[in-house]
Each structure stands twice: as C-alpha cells, then as structure tokens.
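Colleague: Listed here are the chains, written in short residue letters.
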Amino acid sequence: MLSADNLTLIFRALLAIALGSGGVILIFYALNVLVERLPKVWKDRLLPWVYVGPAAVMLTAFLVLPTIRTVYLSFLDSRSENVVGLKNYVFAFTDPGMLIAFRNNLLWLLLVTGISVGLGLVVAVLVDRVRYEALAKSLIFLPMAISFVGASVIWRFIYAFRPEGSDQIGVLNAIWTALGNEPVGWLVNRGLNNFALMVIMIWLYTGFCMVLLSSAVKGIPKDVIEAARIDGANEWQIFQRVMIPIIMPTITVVSTTIVVMVLKVFDIVYVMTGGNLDTDVIASRMIKEMFNFRNFGRGSAIATILLIAVIPVMVANIRRFRQQELDR
Amino acid sequence: MSMAKTQTPRPPQDYRGDRKVNSKFERFIAKAPVHISVLAIAMLWTLPTLGLLISSFRPSDDLITSGWWTVFINPFEFTQFTLSNYQEVLFNQGMGQAFLNSLVISVPATVMPIAIATFAAYALAWMEFSGRQTLFMMTVGLLVVPLQMTLIPVLRAFNALGLAGTYLAVWLAHSAYGLPLGVYLLRNYIGSLPRDLIEAAAVDGASHLKTFTRVIVPLSMPAIASFAVFQFLWVWNDLLVALVYLGGNQDVAPVTLVLRNIVGDRGQDWYLLTAGAFISMLVPMAVFFALQRYFVRGLLAGSVKG
Numbered sequence: 001m002l003s004a005d006n007l008t009l010i011f012r013a014l015l016a017i018a019l020g021s022g023g024v025i026l027i028f029y030a031l032n033v034l035v036e037r038l039p040k041v042w043k044d045r046l047l048p049w050v051y052v053g054p055a056a057v058m059l060t061a062f063l064v065l066p067t068i069r070t071v072y073l074s075f076l077d078s079r080s081e082n083v084v085g086l087k088n089y090v091f092a093f094t095d096p097g098m099l100i101a102f103r104n105n106l107l108w109l110l111l112v113t114g115i116s117v118g119l120g121l122v123v124a125v126l127v128d129r130v131r132y133e134a135l136a137k138s139l140i141f142l143p144m145a146i147s148f149v150g151a152s153v154i155w156r157f158i159y160a161f162r163p164e165g166s167d168q169i170g171v172l173n174a175i176w177t178a179l180g181n182e183p184v185g186w187l188v189n190r191g192l193n194n195f196a197l198m199v200i201m202i203w204l205y206t207g208f209c210m211v212l213l214s215s216a217v218k219g220i221p222k223d224v225i226e227a228a229r230i231d232g233a234n235e236w237q238i239f240q241r242v243m244i245p246i247i248m249p250t251i252t253v254v255s256t257t258i259v260v261m262v263l264k265v266f267d268i269v270y271v272m273t274g275g276n277l278d279t280d281v282i283a284s285r286m287i288k289e290m291f292n293f294r295n296f297g298r299g300s301a302i303a304t305i306l307l308i309a310v311i312p313v314m315v316a317n318i319r320r321f322r323q324q325e326l327d328r
Numbered sequence: 001m002s003m004a005k006t007q008t009p010r011p012p013q014d015y016r017g018d019r020k021v022n023s024k025f026e027r028f029i030a031k032a033p034v035h036i037s038v039l040a041i042a043m044l045w046t047l048p049t050l051g052l053l054i055s056s057f058r059p060s061d062d063l064i065t066s067g068w069w070t071v072f073i074n075p076f077e078f079t080q081f082t083l084s085n086y087q088e089v090l091f092n093q094g095m096g097q098a099f100l101n102s103l104v105i106s107v108p109a110t111v112m113p114i115a116i117a118t119f120a121a122y123a124l125a126w127m128e129f130s131g132r133q134t135l136f137m138m139t140v141g142l143l144v145v146p147l148q149m150t151l152i153p154v155l156r157a158f159n160a161l162g163l164a165g166t167y168l169a170v171w172l173a174h175s176a177y178g179l180p181l182g183v184y185l186l187r188n189y190i191g192s193l194p195r196d197l198i199e200a201a202a203v204d205g206a207s208h209l210k211t212f213t214r215v216i217v218p219l220s221m222p223a224i225a226s227f228a229v230f231q232f233l234w235v236w237n238d239l240l241v242a243l244v245y246l247g248g249n250q251d252v253a254p255v256t257l258v259l260r261n262i263v264g265d266r267g268q269d270w271y272l273l274t275a276g277a278f279i280s281m282l283v284p285m286a287v288f289f290a291l292q293r294y295f296v297r298g299l300l301a302g303s304v305k306g
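Quick mapping for you: the protein sequence lines, in order, are chains A and B.
Residue 314 in the numbering used here is what sits at position 314 of the first sequence, and the numbering runs on without skipping anything.
Residue 278 in the numbering used here is what sits at position 278 of the second sequence, and the numbering runs on without skipping anything.
One should not assume that every hint holds.
[What the hints assert, rightly or not] List time: in silico SDA-like cross-link candidates among lysine to any residue, alpha-carbon distance up to 20 Å: (1) Lys43/A with Gly131/B; (2) Lys288/A with Leu7/A; (3) Lys210/B with Lys288/A.
[As the list claims (entries may be wrong)] On the chain B side, residues computed to face chain A include the following (Cβ under 7 Å): (4) Ile36; (5) Ser37; (6) Ala42; (7) Ile54; (8) Ser66; (9) Met127; (10) Met281; (11) Leu282; (12) Val283; (13) Ala290; (14) Tyr294.
Hints listed in this document are in silico derivations from the structure and should not be mistaken for laboratory results.
Even glycine gets a Cβ: it sits at the ideal position worked out from N, Cα and C.
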C-alpha cells in the first residue's frame, strides 16, 4: 500500500499544497516590500491598491467580465459565431422542455423555501426549551456538511426500488410495503419524483434555517413573552402574534438566501436523474445545453435568465449594506 | 408594562393564565410533546446518514438482498460486517486518488482566498483611497451572482491558456468565487476592531504591513476561522466547478466528481456507492464537528451568501 508510486503521489500533493498556498503570500510580501521603498507620496497612493489589487483583479477576471461576456454570448448562436438576436430567449421561453424546467423551479422555490424556513422556525422555537438543545441542533445541522453528491447517494439508497415480491432495501419502500402497498419507484414516477428530489434539499437546508432563526428567537426579549403569557395568551398565539413579527427581518434574510440557493441547484438533479423524466431545473438544463448539446448561445441565455431572477436579491442586499454603513 | 412590573409581582413561570402547573411531573408532561417532536425530528434527520454508514460495512450480497436495518436483529454478529467495500472503492475505483486530489484542491483553495481577502478587507476598512466604497459595494453585489454566469467564458479562457484540467485552474477559480464572501465577512469584522488599536500602532511608527501582520491578523482570527471553514467545506463538496474546469482529466478529479461518475456508471452497485459516499463525507463532517462554532458564527455574520 505504501508503494513508491503512492508515496510520490503524496509528496507531489504536499508540494502542490505548499506552492499554491505559499505562492500567494509570497506575492503579497514581495509587492509590499517593493512599494514600501517608494517615496511617501507614491507609497500612500499605491499601497491600498497593492492590498486590494489581487482581490479586485480576480473578482473582475472571474466574475465581472465573464458575466458580461455571457450576456453577450446569449445573443449569439450555438458556436458563438453569428448574432441571432433574441432567438435563444424565445427558445428558452417556448420550448416544452424549458417550460417544464421553469415549472419545476417554481415548485422548488415555493416548497423548499416554505418548508425549510417553516420547519427551521418550528424546530428553533421547540429546541429552545429542552436541555439537550446543542446536541439536537448539531444533528439537524449536520447534513449541511455533506456534499450534494453525497446526499444524493444517501437518498438514492432510501428511495431504492425492488420489484414486488423481493425484499426491499430502501427504507421508504420497506415502510411502504410493510403497510401493505406495492413498492413505488420514487424517482421514476413523474408525479412524485420532483418532490422526492426536493426532500433532499429540505433535509440539507432546514438546519441552516434553524441555526439562523434560533439565534433570532433567542434575541426576543423575555419580558415581551412573559407579558403575553400573563395576559393569558396560549403558546400558539404567542408564536403567531408576538414572536414572528419580531423576527421577521431574519425570516426575510433566511428566505431570500434559500431562494437564491434553490435557483442555483444543479447537483441534486444532475446526479439523481440527469434531469430526465420531467425533473429538469434551469441550472441543470443550462449544463445540458452547454456540455451535451454544445449550444453555447442557449446555455448563456439560460444563465442570463438565472441572473435576472437573482437581481432583486442583489439590489436588496446592496441596499441593506448601505443602511448598515450609514449606521456605522 | 413597566407599571405592571412595579405594581404586581411577576408570577412564576408555571402559571398559564390563572391555572397553576406545579409538580415537576406535570411540567414534564406539559413539555412531552416538545420532547417527542424534537427527538423525532433529530432522529429523522440522522437516519439517512446512519443508514449509509451501516450499509457501507455490509458485504455486497447482503446489500442487495436485505435492508440495512436487519443488522440490528443480531447486532453482535460481526461476520455480517466487512471492510471490503472500502478496500475496493479506495484502490480499484480511484477513491484513494480522488481523496488526495480533494485535499490538494481544497487546502490551497482555502488558504489563497483567505490571504487575498484579508489584505483587501484591511484596505477597505482602514485605508483611505478613492473608489473604496464602490469596490465594496461591488463585492456585496457579487455575492449572489450565480456561478453559472461565468462558466463558459472562464472555461474558454482556461482552454486558451492551456490551464483546463490542472490544479491551478480550480485553485484560481475557487479563490475568485470565494472572495466576495471572504471580503464581506472579513471587512465587516476588521472594520469593527477598535480604532485606537490601529491608530496606536500608526503612532508607534509601524508601517501598514507591520500593523497588518502584528495587530490585524491575530485579532481577526475568529472571522478568518469562520471563512476558512466555510470555504473549505464549500470547495471540498463542490461538483460544478470540478466538472466544468477539470472535466475529462481523471488524474485530478476530486471525490465529488469520482463519486458522481460511480453513480453514473455503476448506479446499482451499492457496495461501492455507500463506501465511496462515506469517504467523501468523512473530512467535511470531521471539520464540521471540530469547528462547528466558527461555522455557525460565520453563518450568522454572513447570512447573505447565495
């Protein structure tokens, strides 16, 4: 096992890690030393840019310029040679496969956001009242450390299907057949498969919502709740009329974050069903156009639509940041 | 409300309206639904992962004939467990190599953006220069731009430069994609450090670099730790960037890509999938457990990442 080949591999890996990490720090130091030697006027002007420069360059090179270029590419044809105007967008909004993807995305948005946030909120409130709170929260939060691919394997296993008569190996079908039904192909049945995929994302992100909402819930002043209790309100009324209004800002932030993540979801659909059987979503469709059909014009158009969908959130974030800065 | 505080003594917490709930047992019963719900949800959330873990130790024949819960019928029957799945997937299916690749990809892709973002955050927070606010606003805006927007042009650029399929490509890409969040988190944190500390260092004649390394970096460790955990988990678990920029090159494929290929090629070979998935999850879960505190803190501070 510890052959010469493997050792070389490990050595090379360590070298790559050292070079990659050390390289950057070295560059900073070098640039800094250089600029520090300049006369003061130049130094003051240039130094901030030495510090900010690499970040600005990378952001521009990898995020800003490519985004602009993708928007430009969306008006060209599949090989990016001729201008085709809005043809790609027309395709995106009229092709039956795309329309199904849009419908699915809408379902994902409504259900995953609603259930993750709702469940996260309920759990946050409940877990506040038990002593093993930390452990429970850790367990519910743990799926966040798992990759989408890993989660897909886990749930593929749960959804496993064996024909009628043989023993079931997937938990869901085992329970289903134990109740006297025939086994179901959860990933194949077009009425169910989208929901089966959404469950995975809910499983992954309820913990995220729970953590954020839990800290918000803990921030609610105790006297307000006590006062409501003294006035005779029951737990449900306190929840609905007192707690939710107070933590509404956090609920908004959490919901918008989940919305953005749902719009970008690609791995789950790609790994589980490849987008087939009516489960496609916009992000996985984009990858298909790009790599399978090699149509870069359409792929870019789809990506641009995704960007437009996300712009409201971007604007809201910038606004919120401006407000924070004013308060600073 | 303040009148009520001074005039009426506040009743103990076991009053509901005017009904008194006094004994410990009664209080426990009243809380029973809470306990049951919390325990039920916690177990429901753990079950999937547990099922996978147990299954990865079962021989391949058992896996396709019976459910993993059947191991509990005879829990001490050790012959029903095996390590052969791990052996197979590590050495014959490329998971061992993939694990190394993931390390090689994730560590620099975490260290690099930390360095770049911390320098930039310091400048944005404490240095005077024109364009400061605009730059930061641009960073905040970039937090939600979907990766997908950048794939085609960047891939073409990589191909033109001959970088596609190399570690450098994904290091640069992941660093750039992680910068908005890093700059946001660190700039907020560094900006909230006490002004006097920094001015004291300047008065003592320290250059910016000295202030940076001796004062700022040590003080910012919590924020740096949070971002580090975030970025590491995100890079290790990433599939899209690896798929697009590393594509066909199997030598450098990380665990996510290899796992996905196994699902694609051998989707019914559960003995490979369970062990492979668990290998891919081991490191993130360990990092998560050890540094949970920083992860949560980072989440709370930077809850705008999309």
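Colleague: Each hint: holds or not?
Modeller: Hints versus structure:
Between lysine 43/A and glycine 131/B, the direct Cα distance comes to roughly 17 Å. Compliance with the 20 Å bound is thereby established for this hinted pair. With a C-alpha separation of about 39 Å, the suggested pairing of lysine 288/A with leucine 7/A is violated against the 20 Å cut-off. The suggested pairing of lysine 210/B with lysine 288/A is violated, with an alpha-carbon distance near 50 Å, which exceeds 20 Å. The beta carbon of isoleucine 36/B is not positioned within 7 Å of any beta carbon in chain A (closest approach about 10 Å), and the interface hint is therefore violated.
Satisfaction of the interface hint for serine 37/B is found here, the shortest Cβ-Cβ separation to chain A being roughly 6 Å, below the 7 Å cut-off. Restraint check, alanine 42/B versus chain A: the minimum CB separation of about 5 Å is within 7 Å; hint holds. Interface restraint check for isoleucine 54/B: the shortest CB-CB distance to chain A comes to about 11 Å, outside 7 Å, so the restraint is violated. With its C-beta approaching chain A no nearer than about 5 Å, serine 66/B sits inside the 7 Å limit, and its interface hint holds.
Satisfaction of the interface hint for methionine 127/B is found here, the shortest Cβ-Cβ separation to chain A being roughly 4 Å, below the 7 Å cut-off. Interface hint status for methionine 281/B: upheld, as the beta-carbon distance to the closest one in chain A is roughly 5 Å, under 7 Å. Contact between leucine 282/B and chain A, as hinted, is not supported at the beta carbon level, the nearest pair being about 10 Å apart and thus beyond 7 Å. Checking valine 283/B against chain A by beta carbon gives a least distance of about 9 Å; that is not within 7 Å, so the hint is violated.
Annotation: interface hint on alanine 290/B violated; nearest CB of chain A at approximately 11 Å, more than 7 Å. At its closest, the beta carbon of tyrosine 294/B sits 13 Å from a beta carbon of chain A; the interface hint therefore is violated under the 7 Å criterion.
Checked against the numbered hints given earlier, this structure breaks hints 2, 3, 4, 7, 11, 12, 13 and 14; the rest are met.
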